[in-house]
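**Student:** Just so you know, the sequences run in chain order A and B. The numbers in the first sequence follow UniProt numbering, run straight up by one, and end at 228. The numbers in the second sequence follow UniProt numbering, run straight up by one, and end at 228.
Treat the hints as calculated values from the structure; they're not laboratory data. Here the structure is a predicted model, which means the values were calculated and not measured. All C-beta atoms, glycine included, are put in the ideal place defined by N, C-alpha and C. Honestly, I wouldn't trust all of these hints.
[Unchecked claim] 30 Å max Cα-Cα, derived DSSO-like pairs, lysine-lysine:
(1) 23(B) <-> 130(A)
(2) 176(B) <-> 159(A)
(3) 175(B) <-> 2(B)
(4) 159(B) <-> 130(A)
[Said to hold, decoys possible] If you want the ones that stay clear, here's a sample from chain B, every Cβ over 12 Å from chain A, calculated:
(5) 1
(6) 5
(7) 9
(8) 47
(9) 63
(10) 109
(11) 133
(12) 137
(13) 142
(14) 148
(15) 153
(16) 154
(17) 175
(18) 189
(19) 194
(20) 195
Number of protein chains: 2
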Amino acid sequence: MKLVYEGKTKTVFELEDGNYLLKFKDDVTGEDGVFDPGANTVGLTIEGAGKTGLRLTKYFFELLEQKGIPTHFVNASIEDTTMTVKPAQMFGNGLEVICRYRAVGSFLRRYGMYAEEGQELDGFVEVTLKDDVRQDPPISEDALAMLGILSHDEYQRLKELTREIGSIIKADLEKKGIDLYDIKLEFGRAGDNKEITLIDEISGGNMRAYKNGDYIEPLKLGELILSE
Amino acid sequence: MKLVYEGKTKTVFELEDGNYLLKFKDDVTGEDGVFDPGANTVGLTIEGAGKTGLRLTKYFFELLEQKGIPTHFVNASIEDTTMTVKPAQMFGNGLEVICRYRAVGSFLRRYGMYAEEGQELDGFVEVTLKDDVRQDPPISEDALAMLGILSHDEYQRLKELTREIGSIIKADLEKKGIDLYDIKLEFGRAGDNKEITLIDEISGGNMRAYKNGDYIEPLKLGELILSE
């Protein structure tokens, strides 16, 4: 088992069978000691954050696999706070794909001239580059293709998968009385046919969720979803 | 003749026949007394800037009309520093459409992880919102359609026209030994059939142009193009 990457919230090891092992940390992103899933710096350490993140990720990946969504998930060990995943090739240095059902966050900061806070957005999909230095800029289909990051066909598949995944998770949360406002996903190319595959994790830090109009803090969201 | 809008670099009057009169000012955008066409504030006043801008606009609009591009141009009076234009409906509160041949400016600031300064971009088109408060954010085709600013069909037409206009102007500058790096255009809906039509102006402040690898300052560009 070889250490290949030390991330902000996860450590990545390569396994001998070619799969990878992700070790979830208790470090969460944020600023000045406040948990902020959109931040690019580690803001604080919360005991149990890694375990809750992994349990939620396992829950959602198993749900998505059942619905036929290709993911990199192989299995998870909650005790060890690790998840085994299939190898996948990133798009460039990494993209984030966001599916939005309500106007909040960076969408509102950019398009506030045309949208009110909380306005419905009908599963709108947008892509941002993972680039801390340049504050994760949004990027269009044409720019992704021109810069050789993603082909037009891959973009269409990515968008379709994102909307499917978003609607599966939204419906699941709705059963628990929770409203999904937006969700952030990562994809890669996996297998011999380079199939577009959901990678990384899906936990409280990947989404904004509300209950009765109140924002649910990421760890609290984990408890709400997993308690049922 | 009725004053309808006092802009940063132009004043707009409504004429009795339904057309509009644009009066070009000597005020140019910039910061701290330095001319910067990308800035959102009036930075300084340069005597003759309005006249040069109008002469260039007339030159380019007549060139484009000859090539069959729909524009709002009717005629211009260089003496009065005014241009008469057909009425056009803006998209939302206004869009800027940028055609890029080389990676410079905001493109490089956003996508510098994947592009080197001056790299060729093959007429890449992107749209930004005119929104000083939010620093003119880039916006995708899907977001424009969702927010009711532009339909998908209109977006495709806008992109096609932008590439046509860009290549006409690029070819014209090449004859004078000038390299066009990028150009910023504005469009609106004009006439009974709401045809997508080039509006506003095309002057030195709308483009980045280079000669022998050196950037040409907007007023100098006017002189270079109009002297032949």
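**Student:** Each hint needs a verdict: does it hold in this structure or not?
**Tutor:** Okay, the hints, checked on the actual structure:
Among the hinted pairs, residue 23(B) with residue 130(A) is inconsistent with the structure: their alpha-carbon atoms are about 45 Å apart, more than 30 Å. Our distance criterion of 30 Å between C-alpha atoms is broken by residue 176(B) and residue 159(A), whose separation comes to about 44 Å. Restraint check: the Cα-Cα separation between residue 175(B) and residue 2(B) comes to about 41 Å, which exceeds 30 Å; the hinted pair is violated. For the hint linking residue 159(B) to residue 130(A), the alpha-carbon distance of about 27 Å falls within 30 Å, and the restraint holds.
Distance to chain A confirms residue 1(B) as a non-interface residue, since its nearest Cβ pair spans about 30 Å, more than 12 Å. With a minimum CB-CB distance of about 17 Å to chain A, residue 5(B) clears the 12 Å threshold, and the non-interface call stands. Distance to chain A confirms residue 9(B) as a non-interface residue, since its nearest Cβ pair spans about 21 Å, more than 12 Å. With a minimum CB-CB distance of about 35 Å to chain A, residue 47(B) clears the 12 Å threshold, and the non-interface call stands.
The beta carbon of residue 63(B) sits about 26 Å from the closest Cβ of chain A, which is more than 12 Å, so the claim that it is off the interface holds. Remark: the non-interface label on residue 109(B) conflicts with the geometry, its nearest Cβ contact in chain A lying 7 Å away (cut-off 12 Å). The claim that residue 133(B) is not at the interface with chain A is violated, since a C-beta of that chain comes within 12 Å of its own (minimum 8 Å). The claim that residue 137(B) lies off the interface is violated: its Cβ sits roughly 4 Å from the closest Cβ of chain A, which falls inside the 12 Å cut-off.
The non-interface label for residue 142(B) is inconsistent with chain A: the shortest C-beta to C-beta separation is roughly 6 Å, within 12 Å. A beta-carbon of chain A is positioned within 12 Å of the beta-carbon of residue 148(B); the least distance is around 8 Å. Every CB of chain A lies more than 12 Å from the CB of residue 153(B), the least distance being 17 Å, so the non-interface label holds. Residue 154(B), annotated as away from the interface, keeps every beta carbon of chain A farther than 12 Å; the closest lies near 16 Å.
The Cβ of residue 175(B) lies farther than 12 Å from every Cβ of chain A, with a closest approach of about 27 Å, so its non-interface assignment holds. Residue 189(B), annotated as away from the interface, keeps every beta carbon of chain A farther than 12 Å; the closest lies near 17 Å. Taking the minimum C-beta to C-beta distance to chain A, about 20 Å, the non-interface status of residue 194(B) holds against the 12 Å cut. Annotated as non-interface, residue 195(B) keeps its C-beta farther than 12 Å from every C-beta of chain A; the closest such distance is 23 Å.
Hint violations for this structure: numbers 1, 2, 3, 10, 11, 12, 13, 14, all remaining hints satisfied.
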